[in-house]
Every structure is written in structure tokens, then in C-alpha cells.
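**Q** So the protein sequences, as listed, match chains F and S. For the first sequence, the positions run 1 to 333 when my numbering is used. For the second sequence, the positions run 334 to 666 when my numbering is used.
Treat the hints with care, since some could be wrong.
What the hints assert, rightly or not - As a list, the in silico DSS-like pairs of lysine-lysine whose alpha-carbon atoms are at most 25 Å apart:
id: 1; chain 1: F; residue 1: K191; chain 2: F; residue 2: K290
id: 2; chain 1: F; residue 1: K115; chain 2: F; residue 2: K293
id: 3; chain 1: F; residue 1: K12; chain 2: F; residue 2: K136
id: 4; chain 1: F; residue 1: K84; chain 2: F; residue 2: K115
id: 5; chain 1: F; residue 1: K84; chain 2: F; residue 2: K293
id: 6; chain 1: S; residue 1: K489; chain 2: F; residue 2: K46
id: 7; chain 1: F; residue 1: K191; chain 2: F; residue 2: K46
id: 8; chain 1: S; residue 1: K489; chain 2: S; residue 2: K448
id: 9; chain 1: S; residue 1: K417; chain 2: F; residue 2: K46
id: 10; chain 1: F; residue 1: K136; chain 2: S; residue 2: K469
id: 11; chain 1: S; residue 1: K379; chain 2: F; residue 2: K12
id: 12; chain 1: S; residue 1: K469; chain 2: S; residue 2: K379
id: 13; chain 1: S; residue 1: K448; chain 2: F; residue 2: K46
id: 14; chain 1: F; residue 1: K290; chain 2: F; residue 2: K115
id: 15; chain 1: S; residue 1: K623; chain 2: S; residue 2: K417
id: 16; chain 1: F; residue 1: K156; chain 2: F; residue 2: K84
id: 17; chain 1: S; residue 1: K379; chain 2: S; residue 2: K448
id: 18; chain 1: F; residue 1: K115; chain 2: S; residue 2: K379
id: 19; chain 1: S; residue 1: K379; chain 2: S; residue 2: K345
id: 20; chain 1: S; residue 1: K516; chain 2: S; residue 2: K469
id: 21; chain 1: S; residue 1: K448; chain 2: S; residue 2: K524
id: 22; chain 1: S; residue 1: K345; chain 2: F; residue 2: K318
id: 23; chain 1: S; residue 1: K345; chain 2: F; residue 2: K156
id: 24; chain 1: F; residue 1: K136; chain 2: F; residue 2: K191
id: 25; chain 1: S; residue 1: K448; chain 2: S; residue 2: K623
id: 26; chain 1: F; residue 1: K115; chain 2: F; residue 2: K191
id: 27; chain 1: S; residue 1: K489; chain 2: F; residue 2: K12
id: 28; chain 1: S; residue 1: K379; chain 2: F; residue 2: K84
What the hints assert, rightly or not - Derived CB-CB ranges, DEER-like:
id: 29; chain 1: S; residue 1: P639; chain 2: F; residue 2: G97; range: 32 to 42 Å
id: 30; chain 1: F; residue 1: I320; chain 2: S; residue 2: E539; range: 56 to 66 Å
id: 31; chain 1: S; residue 1: P395; chain 2: F; residue 2: L23; range: 35 to 45 Å
id: 32; chain 1: S; residue 1: E539; chain 2: F; residue 2: V325; range: 47 to 57 Å
id: 33; chain 1: S; residue 1: P639; chain 2: F; residue 2: L23; range: 13 to 23 Å
id: 34; chain 1: S; residue 1: P357; chain 2: F; residue 2: T313; range: 32 to 42 Å
id: 35; chain 1: S; residue 1: A362; chain 2: F; residue 2: V325; range: 22 to 32 Å
id: 36; chain 1: F; residue 1: G258; chain 2: S; residue 2: A362; range: 41 to 51 Å
id: 37; chain 1: S; residue 1: I484; chain 2: F; residue 2: P58; range: 44 to 54 Å
id: 38; chain 1: F; residue 1: R19; chain 2: S; residue 2: T449; range: 34 to 44 Å
id: 39; chain 1: S; residue 1: G430; chain 2: F; residue 2: G97; range: 15 to 25 Å
id: 40; chain 1: S; residue 1: Q481; chain 2: F; residue 2: R319; range: 49 to 59 Å
If you are wondering where the hints come from, they were derived from the structure by calculation, not from laboratory data. Note that beta-carbon positions come from the ideal geometry of N, C-alpha and C, so glycine has one too.
Chain by chain, the residues run as shown.
Protein chains: 2
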Amino acid sequence: MTIQLSHGSGGKLSADLTRDLLLPRFANAALNQLEDQAVLSMPPGKIAFSTDSFVVSPLFFPGGDIGELAVNGTVNDIAMSGAKPLYLSLGLILEAGLAIATLERVLDSIARAAKTAGVTIVTGDTKVVERGNCDKLFINTSGIGVIQAGIELGVKNIRPGDKIIISGTIGDHGITILNQRNKLGDNISLKSDTAPLNGLIQTMLETTRGIHTLRDPTRGGLAMTLNEFSQGAGVGIELWEENLPITSQVAASCELLGIDPLYVANEGKLVAIVAPDGADSILQTMRQHKYGKNATIIGEVVPDHPAIVTIQTSLGGKRIVDMPVAEQLPRIC
Amino acid sequence: MTIQLSHGSGGKLSADLTRDLLLPRFANAALNQLEDQAVLSMPPGKIAFSTDSFVVSPLFFPGGDIGELAVNGTVNDIAMSGAKPLYLSLGLILEAGLAIATLERVLDSIARAAKTAGVTIVTGDTKVVERGNCDKLFINTSGIGVIQAGIELGVKNIRPGDKIIISGTIGDHGITILNQRNKLGDNISLKSDTAPLNGLIQTMLETTRGIHTLRDPTRGGLAMTLNEFSQGAGVGIELWEENLPITSQVAASCELLGIDPLYVANEGKLVAIVAPDGADSILQTMRQHKYGKNATIIGEVVPDHPAIVTIQTSLGGKRIVDMPVAEQLPRIC
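Could you build all of it, start to finish, from the sequences and the hints given here?
**A** Rendered as C-alpha cells:
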């Protein structure tokens with residue numbers, strides 16, 4: 001059984017797909033109306049709104065798949081503002097000829113990830129294109145969350161003296177995908193770190209003070225996120241290489257391939273820029289959460305060299321960490 | 334100048350694309366923060382949330398293009414709930430090798446359409462896939478609108494006796510795309526009806542009473558929308574063929590190609606199901622608006638044959654209007 005162009009026609013096969021594949025997995029009061037939009041009651045407060053398309057290849061990889069990534073990616077983008085993610089939309093672009101069993105496996109994963117993250121899929125859209133006009137399956141998720149009064153995270157809050165915390169090891173997702181693509185060997189115990197970080201963030205915001213901004217270092221890796229912070233706030237950033245948490249497998253793969261782990265994508269990590277006097281307490285709180293147990297202070301914001309990120313290497317030298325320019329690894333998310 | 338994989342890397346070329354192509358066209362307070370999510374203040378009230386992916390081929394056609402369609406499509410899906418559309422997200426999936434001039438033309442069109450519809454693009458995402466893994470350019474737009482207190486449209490409101498109004502001629506969009514694909518000849522003055530309908534709906538809701546539900550008959554055409562209404566509300570629907578507004582060009586093309594215009598997509602039309610005693614006043618209001626000037630009562634909701642749509646033909650017969658089953662024309666939106 002495969003996807004046919006008629007599954008995207010808006011006619012009977014589209015309705016069958018909604019009834020047989022989507023509603024049993026995602027049923028909820030808003031979606032069940034089968035209107036072209038969800039009508040939602042929102043708690044008071046500002047909202048956070050985010051979108052992400054997912055084109056990862058392969059669709060399935062150790063530690064996750066495109067469906068889990070699509071939920072966690074948008075959940076995390078919303079949560080990084082300090083918002084509690086509530087509702088997601090699900091836009092599917094399917095290639096005619098895709099096995100329905102493959103689609104079902106991805107939809108199961110989406111449903112599971114949404115439940116784990118505590119979000120509801122309330123509206124959606126499915127398009128089908130001819131064979132050869134997309135690669136199996138692309139997913140867009142957009143989402144909405146609500147921000148509690150008093151929370152105002154953002155690059156604008158970053159100050160010299162702030163500490164930089166990473167919630168765990170770097171490079172796991174990107175190196176896992178690279179390993180799958182290049183079939184570097186199955187004996188390497190690599191897996192994606194894809195995870196919903198809204199629970200960790202909620203705990204951090206409820207129990208600590210001094211969080212200035214949060215971001216998940218996905219495409220472009222930690223190097224890109226820190227360059228964005230440094231340029232956006234007009235401050236310098238100094239990293240300490242010996243503090244960077246990295247698994248021995250990822251370190252070995254990076255060395256083998258000549259890749260700098262600072263530029264490799266993560267899908268379940270966050271960078272927190274925090275006030276210096278709050279840093280230790282924030283770190284302790286993070287370490288008690290399963291997605292923050294390897295949290296580490298990896299550097300600080302400095303008044304020197306505004307808009308430039310530097311790293312103190314383990315050998316005692318210092319170099320500039322530029323924005324990544326060339327694409328090392330397309331379609332990692 | 335073409336799109337390269339590095340434009341989707343999340344690195345420097347991604348940042349350049351945002352700075353050079355997106356911000357100059359879409360700049361606003363939320364987007365300019367360059368965070369991974371927009372933080373928005375919403376007026377009080379329920380919200381409507383909708384998503385749509387656009388894969389239309391060709392990208393440009395008489396009367397519009399994929400960019401205009403992507404804005405109007407989501408604006409309309411939000412507006413059909415009675416909501417005022419406020420904010421859109423923009424998710425781009427680009428094929429490596431796409432001419433940047435083509436992307437710029439589409440982005441110009443998106444900016445123009447958003448301005449016309451009165452919505453702001455507040456967040457976005459761009460992915461690039463290798464040549465041959467998508468067809469030039471796919472767009473996802475998701476959006477949020479706010480519903481004024483007291484407005485509760487929906488299929489659940491449909492009652493026997495209600496009148497069915499279409500806001501104008503049917504089949505224009507689908508037949509235009511079909512004509513472009515099959516190169517049936519340039520002398521036919523066909524063009525897409527793509528249009529933002531939020532202004533028309535706002536006027537209808539402010540000046541009339543008795544609107545029970547609204548929907549835009551896009552993929553699957555009027556036949557699909559009315560079957561959804563009929564099945565969703567468990568009522569019969571009777572159409573009057575001689576009242577169906579259709580241009581002579583679309584009628585001629587449909588006859589030539591053996592296509593029933595009831596099944597052809599529209600991108601700037603709405604169906605309103607309205608209380609019988611409000612129908613005339615609603616019709617008059619619609620006809621004063623540029624997107625409703627050919628509005629017509631085309632049938633009524635009946636207590637007989639629940640979940641079935643019938644049509645009284647011009648020749649005096651009566652037949653059933655089924656849901657469309659096979660795909661006549663893929664990728665019309």
C-alpha cells in the first residue's frame with residue numbers, strides 16, 4: 001500500500017487518510033471538528049509562535065526519526081522563549097509511492113513525541129507530489145505556547161560577566177546522521193540527542209533566577225548560536241575548550257572526519273546565558289533533570305572583542321570561532 | 334546566482350539570506366529579534382490556528398503565484414472561522430540550484446499579499462535540499478487570528494432550511510492551472526481567483542446576522558466542501574445548477590475537457606451557509622464587496638437524504654454530487 005496523488009486531492013482519499021491514519025492517532029476536541037482551522041482558548045499572557053520544516057535524510061536514525069524531530073524541534077523553539085508549548089500544527093508533504101507503513105511509523109512517532117512533550121496537534125494539512133518531486137516525506141510543524149507574566153528572555157538581556165551553560169554533550173545528533181549516511185560502521189554507539197526541553201526549561205524558570213536567554217544550538221551547532229548571541233548583543237564571548245562536554249564516540253568521529261564539534265547540530269541541548277551570581281544554582285537545578293545532567297559552564301560573556309567568539313584551547317592557545325560558512329552536512333533536520 | 338545547500342546550513346549563508354532577502358521585505362518588531370520564535374501580544378478572545386503547505390506547479394500563473402497563494406490560503410482558512418487573521422509564519426523548502434531571482438519574485442509576492450491581507454510575517458524557517466529532491470520551491474504558511482466574542486461559526490450550526498451562498502464564480506483557479514500545464518492556448522482569458530477573503534468576511538460579520546458556517550472550496554472544489562458540510566451536519570444539501578456562477582471561459586474549458594466545475598479548486602471564494610431569513614441581506618452585503626460581487630444563492634439545506642448532496646440540473650433532472658475520488662489535477666495549490 002502506497003501513497004497516491006489522490007491522497008492529496010482534497011477528495012475522498014484525502015478524507016480517508018485523515019479518518020484512518022490521522023484521527024486515530026491525534027484525536028482531540030479541536031482536531032475532531034475537521035474544520036480548516038483549530039479554534040483554541042488560550043490562557044492569558046503573551047504567546048510564542050514558531051515554525052520549522054523537517055527534511056532530514058534518512059527518515060529513521062539511531063535515537064529518533066523525522067517525526068520525533070519535528071515535534072521536539074518546534075517544542076524547543078517555543079520553549080526557548082520561556083513559553084509553555086501548547087499546540088502544534090502538522091503539515092505533511094508526501095511523495096507519491098511512499099509506503100503507507102512508513103508514513104504510519106512516522107505518525108506513531110509524532111503522536112508519541114507530542115504526548116511526551118505535553119502538546120496537542122490541533123490542525124494539519126497533507127499534500128502529495130509526484131514521484132521524484134520530493135524525497136519521501138517532508139514535515140512542517142508550527143506551534144504556539146504561552147509565556148507567563150514576568151518572563152522576558154532574549155539576546156537583549158546578555159551582559160558582560162554572564163556565564164554560558166550548555167545542558168549536555170555536543171554534536172550527538174549531527175554525527176549520528178553523518179555516520180548513518182556514510183555507513184562508518186555500526187559498532188559506534190552513536191545516537192541522536194533529540195529531546196523535548198520544555199520540562200527542563202520550566203523547572204529552571206520556576207526554581208532559579210538570573211536566566212538571561214536560552215537557545216537550542218541546532219543547525220550550525222554551538223558555534224552558530226554563540227556567534228548569533230555575540231553579534232546580536234554586541235558583546236564578546238569566550239569559550240573554554242576543556243569544559244566542553246562531548247562523548248568519546250563523538251570526539252573520536254569528529255577527529256576521524258576532521259570536523260569541529262562546535263559546528264555540529266544538536267537536537268536536545270540548550271545554551272543558557274545566565275547572570276554570574278545565579279550560575280551555580282542554575283547549574284545544580286539543570287543537573288537534577290534528565291536532559292540536563294551533564295550541564296556545564298563552558299565560558300563567559302566578555303567586554304572585549306564585541307561580536308567575536310573566541311575559544312581558549314586545551315593547549316593554552318586562543319582562537320576565533322567563526323560562523324560556519326560551508327555546508328558540512330545537509331539535511332540533518 | 335542560485336540557491337546552494339549552504340543557504341540551508343544555519344550558518345553564514347543562512348544568515349545572509351535572512352538579512353538580504355527576508356528582513357528587507359518582512360521587517361517588523363517580532364521578526365527583527367531574530368529569535369527562533371516570535372513573541373506576540375494577542376488581543377483577548379479565542380484564537381484560530383491553521384496551516385497549509387503549497388506545492389503548486391507552475392510557480393507562476395495568470396492571476397497569481399505560489400507566494401500569493403501561500404498567504405491568501407492560510408489567511409482564508411483562518412478567516413473562515415470568523416477570526417481576524419493577524420500573524421503568519423513562513424517555512425521555505427528550496428531546491429539547490431533554484432535561481433535567487435525566482436525566490437525574490439516569490440518573496441516580493443508574499444510581502445505584497447501579506448500587506449494586502451493585513452497580516453504580519455513574524456517567524457520563519459528555510460531548508461535547502463539537494464537538486465532533484467524537491468521541485469524548485471515548497472512553502473508552508475501557518476497563521477493565527479483572533480475571534481471576537483460571540484462569533485461561533487461551524488458545521489454544527491447547519492440546519493435544514495438554511496440557504497447556500499457562493500461568493501462568486503467557480504473553477505477559475507483550477508482551470509487556470511490546468512490550462513497552464515496543458516498549454517491549451519493563450520487566447521483563453523483565464524486567471525486564478527486567488528484573493529484574501531478576510532475583509533469580505535469581516536464586513537459580513539459586522540453588518541449581517543444568520544451566518545452559520547463558512548468554508549473556502551479549494552481542493553476538491555464546491556462538491557467536496559458541500560459533502561463535508563452534509564456529512565458533518567447529517568443533513569441533505571440540494572444545489573440548483575442554473576444558479577451556479579461560472580464564467581463562459583471556465584464553462585467552455587470544462588466542457589472541452591470533460592471536467593465538472595463542481596470539482597475544480599477555487600482560491601478566492603467562500604461558501605456561506607446562512608439562516609433563511611438572513612440570506613437576502615447577507616447576499617446584498619456580499620455583493621457590495623469586490624470579492625463578493627457575483628455572490629449567488631445556489632441551493633439549500635434539506636431534511637431529506639441526510640449526508641447526501643444532490644443537484645437539480647438545468648434540464649430538470651436531479652443527480653447525486655459525490656465526493657471526488659480520483660485526482661484530476663495534482664498540485665493546484
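**Q** It remains to establish, for every hint, whether it holds in the given structure.
**A** Hint-by-hint comparison with the structure:
1. K191/F <-> K290/F: OK: K191/F and K290/F at ~16 Å, within 25 Å.
2. K115/F <-> K293/F: Between K115/F and K293/F the Cα gap is close to 23 Å, so the pair holds against 25 Å.
3. K12/F <-> K136/F: holds, 22 Å
4. K84/F <-> K115/F: holds, 14 Å
5. K84/F <-> K293/F: At roughly 21 Å apart (the allowed maximum being 25 Å), K293/F and K84/F satisfy the hint.
6. K489/S <-> K46/F: violated, 31 Å
7. K191/F <-> K46/F: violated, 36 Å
8. K489/S <-> K448/S: This hinted pair is violated, its Cα atoms lying about 33 Å apart.
9. K417/S <-> K46/F: Holds: K417/S and K46/F sit about 18 Å apart, inside 25 Å.
10. K136/F <-> K469/S: holds, 16 Å
11. K379/S <-> K12/F: violated, 31 Å
12. K469/S <-> K379/S: violated, 37 Å
13. K448/S <-> K46/F: At roughly 23 Å apart (the allowed maximum being 25 Å), K46/F and K448/S satisfy the hint.
14. K290/F <-> K115/F: holds, 17 Å
15. K623/S <-> K417/S: holds, 18 Å
16. K156/F <-> K84/F: Holds, because 21 Å separates the two Cα atoms, which is no more than 25 Å.
17. K379/S <-> K448/S: holds, 24 Å
18. K115/F <-> K379/S: holds, 23 Å
19. K379/S <-> K345/S: Roughly 40 Å between the alpha carbons, so the hint for K379/S and K345/S is violated.
20. K516/S <-> K469/S: holds, 20 Å
21. K448/S <-> K524/S: holds, 22 Å
22. K345/S <-> K318/F: Given that 25 Å is the threshold and the Cα spacing comes to 22 Å, the pair holds.
23. K345/S <-> K156/F: holds, 21 Å
24. K136/F <-> K191/F: Since the Cα atoms of K136/F and K191/F sit roughly 22 Å apart, the hinted pair holds (cutoff 25 Å).
25. K448/S <-> K623/S: holds, 17 Å
26. K115/F <-> K191/F: Holds - the C-alpha atoms of K191/F and K115/F are around 22 Å apart, at most 25 Å.
27. K489/S <-> K12/F: OK: K489/S and K12/F at ~21 Å, within 25 Å.
28. K379/S <-> K84/F: holds, 18 Å
29. P639/S <-> G97/F: 32 to 42 Å: Given about 38 Å between the Cβ atoms, the range holds.
30. I320/F <-> E539/S: 56 to 66 Å: holds, 59 Å
31. P395/S <-> L23/F: 35 to 45 Å: holds, 38 Å
32. E539/S <-> V325/F: 47 to 57 Å: Since the Cβ atoms of E539/S and V325/F sit about 53 Å apart, the hinted range of 47 to 57 Å holds.
33. P639/S <-> L23/F: 13 to 23 Å: holds, 21 Å
34. P357/S <-> T313/F: 32 to 42 Å: Roughly 39 Å apart at Cβ, these two residues keep to the hinted range, so it holds.
35. A362/S <-> V325/F: 22 to 32 Å: Given about 30 Å between the Cβ atoms, the range holds.
36. G258/F <-> A362/S: 41 to 51 Å: Between G258/F and A362/S, where Cβ atoms are some 42 Å apart, the hint holds.
37. I484/S <-> P58/F: 44 to 54 Å: With Cβ atoms ~46 Å apart, the hint holds.
38. R19/F <-> T449/S: 34 to 44 Å: holds, 36 Å
39. G430/S <-> G97/F: 15 to 25 Å: holds, 23 Å
40. Q481/S <-> R319/F: 49 to 59 Å: Holds, at about 57 Å.
Comparing the model with each earlier hint shows violations of hints 6, 7, 8, 11, 12 and 19; every other hint is respected.
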